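Asks: Work out the full structure: start from the sequences and follow the hints.
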Amino acid sequence: AQSVTQLDSQVPVFEEAPVELRCNYSSSVSVYLFWYVQYPNQGLQLLLKYLSGSTLVKGINGFEAEFNKSQTSFHLRKPSVHISDTAEYFCAVSTSGSRLTFGEGTQLTVNP
Amino acid sequence: EAQVTQNPRYLITVTGKKLTVTCSQNMNHEYMSWYRQDPGLGLRQIYYSMNVEVTDKGDVPEGYKVSRKEKRNFPLILESPSPNQTSLYFCASSSLQGLQETQYFGPGTRLLVL
Chain A
1 AQSVTQLDSQ
11 VPVFEEAPVE
21 LRCNYSSSVS
31 VYLFWYVQYP
41 NQGLQLLLKY
51 LSGSTLVKGI
61 NGFEAEFNKS
71 QTSFHLRKPS
81 VHISDTAEYF
91 CAVSTSGSRL
101 TFGEGTQLTV
111 NP
Chain B
113 EAQVTQNPRY
123 LITVTGKKLT
133 VTCSQNMNHE
143 YMSWYRQDPG
153 LGLRQIYYSM
163 NVEVTDKGDV
173 PEGYKVSRKE
183 KRNFPLILES
193 PSPNQTSLYF
203 CASSSLQGLQ
213 ETQYFGPGTR
223 LLVL
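Residue numbers (the working numbering), protein chains in the order written: chain A, 1 to 112; chain B, 113 to 226.
Treat the hints with care, since some could be wrong.
Per label pair, the in silico range of CB-to-CB distance [stated by the list, open to error]: (1) B/Thr125 / A/Ile60: 30 to 38 Å; (2) B/Ser192 / A/Ser80: 46 to 54 Å; (3) A/Gly62 / B/Glu113: 24 to 32 Å; (4) B/Thr132 / A/Asn68: 38 to 46 Å; (5) A/Glu20 / B/Arg222: 26 to 34 Å; (6) B/Asp168 / A/Ser30: 20 to 28 Å; (7) B/Lys181 / A/Pro79: 22 to 30 Å; (8) A/Glu64 / B/Ala114: 22 to 30 Å; (9) A/Ser70 / B/Ser192: 22 to 30 Å; (10) A/Tyr39 / B/Gly152: 31 to 39 Å; (11) A/Val29 / B/Asp168: 15 to 23 Å; (12) B/Met139 / A/Val29: 26 to 34 Å.
For the record, the hints were derived by calculation from the structure and aren't laboratory data. All of these numbers come straight from a predicted model, not from anything done at the bench. Every residue gets a Cβ at the ideal spot worked out from N, C-alpha and C, and that includes glycine.
Replies: Okay, structure coming up:
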């Protein structure tokens, strides 16, 4: 069975600073990896996903993530954050199509 | 507009009083799923459905029932709610055309069981 660990439950940063949200996964087979974002009082929406090919994946709103198979990681990065990026971010892994396993979530708070 | 809708958005009930949370999608998706979100635990899958009349347990199915009589609807039923089912619930849907489907989430239903 697969599992996902998000290493930071809360990440506070200042506006225009870079940010990295860390995600490690565990699986005995090939994986598909996702980052979802949840803005306050809303449902989740897809930020980006890794399926195959290039290990650097670009998503919406300037976010990108890098798949590292040897370290079983899929960290999310943004070079300069905005106040509007304040949200909860979920890493998720799938090994059998639509059955997703989510991490515990990381609350990103961007301060002025 | 492509969307997943849930009703109600907020619900307060008492222990043992049966309730149903509805979920509907207008994207003709085969796959639908229910999750609950609890602080520090992320999202955990309750039940999922691969198509009409095909449902299966997720990671935390105890205390819940589902049905899939129509492709667009996937209601979540709590026959006898208990306080430990107080949570934020999300319905999601996706296509089964590939193994890399994006899931589309509803806005959530916040349930409080007293």
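Asks: State for each hint whether it applies.
Replies: Each hint, compared with the structure:
no.	hint	result
1	B/Thr125 / A/Ile60: 30 to 38 Å	37 Å, holds
2	B/Ser192 / A/Ser80: 46 to 54 Å	51 Å, holds
3	A/Gly62 / B/Glu113: 24 to 32 Å	25 Å, holds
4	B/Thr132 / A/Asn68: 38 to 46 Å	44 Å, holds
5	A/Glu20 / B/Arg222: 26 to 34 Å	31 Å, holds
6	B/Asp168 / A/Ser30: 20 to 28 Å	22 Å, holds
7	B/Lys181 / A/Pro79: 22 to 30 Å	49 Å, violated
8	A/Glu64 / B/Ala114: 22 to 30 Å	25 Å, holds
9	A/Ser70 / B/Ser192: 22 to 30 Å	48 Å, violated
10	A/Tyr39 / B/Gly152: 31 to 39 Å	19 Å, violated
11	A/Val29 / B/Asp168: 15 to 23 Å	20 Å, holds
12	B/Met139 / A/Val29: 26 to 34 Å	29 Å, holds
When held up to the earlier numbered hints, the structure conflicts with 7, 9, 10 and fits the remainder.
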